[in-house]
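Visitor: Take the sequences, apply the hints, and build the full model.
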Amino acid sequence: MKFDRRAFEAKGYLVVPGFIDLHAHLREPGFEDSETIETGRRAALRGGFTTICAMPNTEPAIDSPGLLKELLARGKSVDGARVRYVAAITRGRKGRELSDMVELAAAGAIAFSDDGSPVEDSHLFRSALEYARVTGRPVIEHAQDLALSAKGVMHEGSVSARLGLPGMPAAAEESAVARDIALARMTGANLHLTHLSTAGSIELVRRAKADGVPVTCDVTPHHLAMTDEWVAGSRALAWEVEDEALLAVPYDSSTKVNPPLRGRADVRALWAGLVDGTVDAIATDHAPHASVKKDVEFDQAAFGISGLETALALVLGGVGVHWAALGTVIDALTLGPARVLGSDLPRDDWAVIDRDVEWVVRADELASKGKNTPLIGRTLTGRVVATVVDGELRYEGAARVAEAVNGR
Amino acid sequence: MKWNRRHVLDTDDWSRDEIETVLDQTRAMIEILQRPIRRAPPLRGRTVILFFAESSTRTRVSFELAAKALSADVTNITASGSSVEKGESLYDTVRTLQALGGDVVVMRHASSGAPYFVAQRTDAAVINAGDGWHAHPTQGLLDAYTLRDAVGDLEGRRVVIVGDVLHSRVARSDINTLLPLGARITLSGPPTLIPLAWRCGQLPPGVTYESDLDRALDGADAVIALRLQRERQESGLLPSLREYSRVWGLTADRVARMRPGAPVMHPGPMNEGIEIDASVAHGTRSLIETQVTNGVAVRMALLYLLAARAGPPGPLEERA
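Keeping their order, the protein sequence lines are chains A and B. Counting from 1, position 372 in the first sequence corresponds to residue 372 in the numbering used here; the numbering is continuous, with no gaps. Counting from 1, position 145 in the second sequence corresponds to residue 145 in the numbering used here; the numbering is continuous, with no gaps.
A hint or two may mislead.
To be verified - From the structure, some residues in chain A lie toward chain B, with a derived Cβ separation under 10 Å: (1) Glu156; (2) Ala161; (3) Arg162; (4) Gly164; (5) Val231; (6) Val249; (7) Pro250; (8) Tyr251; (9) Asp252; (10) Val292; (11) Val296; (12) Phe298; (13) Asp299.
Keep in mind that the hints were calculated from the coordinates and are not lab data. Note that the Cβ used here is the ideal one computed from N, Cα and C, for glycine as well.
Guide: Here is the structure:
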């Protein structure tokens with residue numbers, strides 16, 4: 001169906017460019033019980049995302065031009081968001097040998113990343129950056145010192161001390177960020193640090209940018225909205241006061257994510273980074289998991305939050321309390337990620353937003369196969385009403401749900 | 001009776017009244033244990049399932065004796081040879097527990113928080129018999145009972161907990177139980193074995209950290225030594241066990257720095273010669289065996305209170 005922008009604006013909705021997600025996991029091939037390209041593309045549309053960058057930690061990993069071409073051919077149907085593929089930096093994402101980066105770029109890889117597994121070998125990572133520079137594509141790095149984060153399952157702080165869970169210190173991220181920035185400075189390659197979560201990381205990027213290092217970064221909606229207290233059962237968003245009535249059972253594995261939910265000061269630093277331009281983009285790190293991977297002991301559970309469909313409402317919450325302007329977060333969902341990829345915004349991609357509608361997150365209403373979000377059952381404000389890709393209305397539906405909620 | 005809990009998962013949100021209720025009930029149970037026939041009928045017809053997914057003889061036997069002393073039927077699901085070791089998921093085990101229909105599940109598990117997982121998915125009352133590094137509520141309660149029996153009111157008393165606090169569910173439960181009773185706590189031990197946040201001042205109110213054990217013990221009212229796992233050295237957290245025992249081991253000289261007669265406790269099993277000298281462990285100040293005895297009574301008290309909440313228990317006295 002053709003998109004009639006004025007019809008939506010007449011209803012009081014906000015029409016903005018379609019969102020671009022630099023970081024999503026579609027799980028296909030290999031983990032289709034958690035997500036498929038098709039379910040992921042539909043979930044993206046419901047979140048207002050018209051372009052999503054799929055990470056290569058599939059089975060097999062997306063580390064060869066052949067597999068990349070096959071996947072690009074799979075995602076041609078017209079009922080989802082556009083998918084771009086990030087190819088693996090190293091073969092099998094094992095961190096030992098570089099993948100064929102030049103050929104992968106020629107086959108359509110939009111960026112390179114071993115996401116989930118940082119490239120520990122600094123010499124190899126230097127080589128990856130040198131190669132990436134030749135391809136003109138950014139390297140998206142999951143910055144984490146694995147020896148320091150060790151067996152951690154949540155942020156190391158007073159909450160982990162109380163809960164008796166092994167912690168991942170902020171320094172495990174920050175020391176890796178510092179190394180990565182040093183290598184970007186040396187090679188001149190475009191380094192994109194993804195899902196930064198600590199105040200120290202943001203400060204390192206701020207200084208690097210001031211020095212002219214070619215580094216960009218993104219933060220996730222969940223790190224912008226939730227703290228490590230959520231592992232202990234809190235369900236108060238970072239800008240809300242603790243509410244005993246909202247308390248959930250502690251050790252809920254839906255709060256287990258890597259990097260972990262951090263402290264309140266870290267959350268504020270991420271917002272400050274958004275406002276001053278240190279943070280270029282908001283990316284979901286949409287990490288859907290089949291229930292069998294989450295319905296286990298906290299320390300055994302997979303890391304990850306299913307995030308495409310709740311991203312907008314979370315960041316609008318911060319706008320509501322004036323932690324950032326509306327234009328800032330919309331830019332971070334659109335222009336910012338486009339710049340990271342070195343591309344322009346698609347001309348005719350749109351997201352239609354109802355800023356005021358209240359809706360309840362329900363597992364059976366998520367298009368994603370991954371129901372792993374601690375927001376299930378929570379009321380959020382603001383939702384995508386319609387999504388348009390290439391001038392075509394590909395998703396419309398929340399308006400109906402909105403009326404149902406309001407009419408209750 | 002101030003008791004309305006369905007499960008015993010952690011004492012971190014317990015009021016002083018609730019703790020006192022358990023301690024009072026414990027005293028009644030100790031009387032039963034001193035009778036010629038150590039058995040009372042209140043849990044007749046109730047089933048207690050002991051689900052130990054991590055090996056433990058002492059705690060399991062303590063719960064078993066407690067349940068039997070109250071005439072409950074007791075069934076064991078232990079780690080050795082059970083489905084847990086065959087790779088069965090906790091979720092499957094919970095469904096089995098639910099189908100078996102026990103009234104109380106007593107569980108020990110290596111993962112912090114596992115009892116919450118089980119409690120959410122079963123109709124039975126769940127007692128946490130130790131989960132990962134998180135909590136060991138019955139140990140905290142029995143330590144509180146033992147301490148109070150030995151030194152009286154804990155208001156203003158200072159208790160030293162020394163050793164591997166980071167990995168210790170006993171330390172966390174002792175803190176949670178002793179603080180509401182008015183005690184102050186001094187933690188001591190190697191910096192690598194105390195949570196970083198707690199060394200940086202983000203301690204619960206009433207708790208302090210003093211790395212120097214001698215200073216921590218000066219004038220203290222009691223000390224609890226924690227078990228040191230030998231693998232801490234292998235994982236780079238300690239230079240050597242020898243150094244540990246010299247710097248943080250409880251010796252007769254160190255114990256003498258406390259208030260005269262101040263007791264020494266240990267949750268067991270002990271590494272004599274590492275965290276505690278044999279002369280201290282078996283000396284006159286040691287309450288270590290009393291802890292074991294009181295442990296049965298505390299567990300009886302909790303089983304009784306949980307059963308009472310689920311439905312009126314039988315009488316504590318056999319009627320002729």
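Visitor: None of the hints should be skipped; say for each whether it holds.
Guide: Now the hints, each set against the structure:
Hint status for Glu156 (chain A) relative to chain B: holds, with the closest Cβ pair at about 6 Å, below 10 Å. At about 3 Å, the closest approach between the beta carbon of Ala161 (chain A) and any beta carbon in chain B falls short of 10 Å, and the interface hint on this residue holds. For Arg162 (chain A), the interface hint holds, the least distance from its beta-carbon to any beta-carbon of chain B being 7 Å, beneath 10 Å. Proximity of Gly164 (chain A) to chain B holds as hinted, the smallest CB-CB distance being about 3 Å (cut-off 10 Å).
Of the supplied interface hints, the one on Val231 (chain A) holds, with its beta-carbon coming within about 9 Å of a beta-carbon of chain B, less than 10 Å. Interface restraint check: Val249 (chain A) against chain B, minimum CB-CB distance 5 Å, threshold 10 Å, status holds. Checking Pro250 (chain A) against chain B: minimum C-beta separation of about 6 Å stays under 10 Å; hint holds. Taken as an interface hint, Tyr251 (chain A) checks out: its beta carbon lies about 3 Å from the nearest beta carbon of chain B, inside 10 Å.
A distance limit of 10 Å between C-beta atoms decides the matter here; for Asp252 (chain A) the minimum to chain B is near 8 Å, and the interface restraint holds. With a cut of 10 Å, the hint placing Val292 (chain A) at the interface with chain B holds, because the nearest CB-to-CB distance is about 8 Å. Look at Val296 (chain A): its Cβ gets to within about 6 Å of chain B, closer than 10 Å, so that hint holds up. Among the interface hints, the one on Phe298 (chain A) holds; its C-beta lies about 5 Å from the nearest C-beta in chain B, closer than the 10 Å criterion.
A cut of 10 Å between beta carbons decides the hint on Asp299 (chain A): the least distance to chain B is about 5 Å, and the hint holds.
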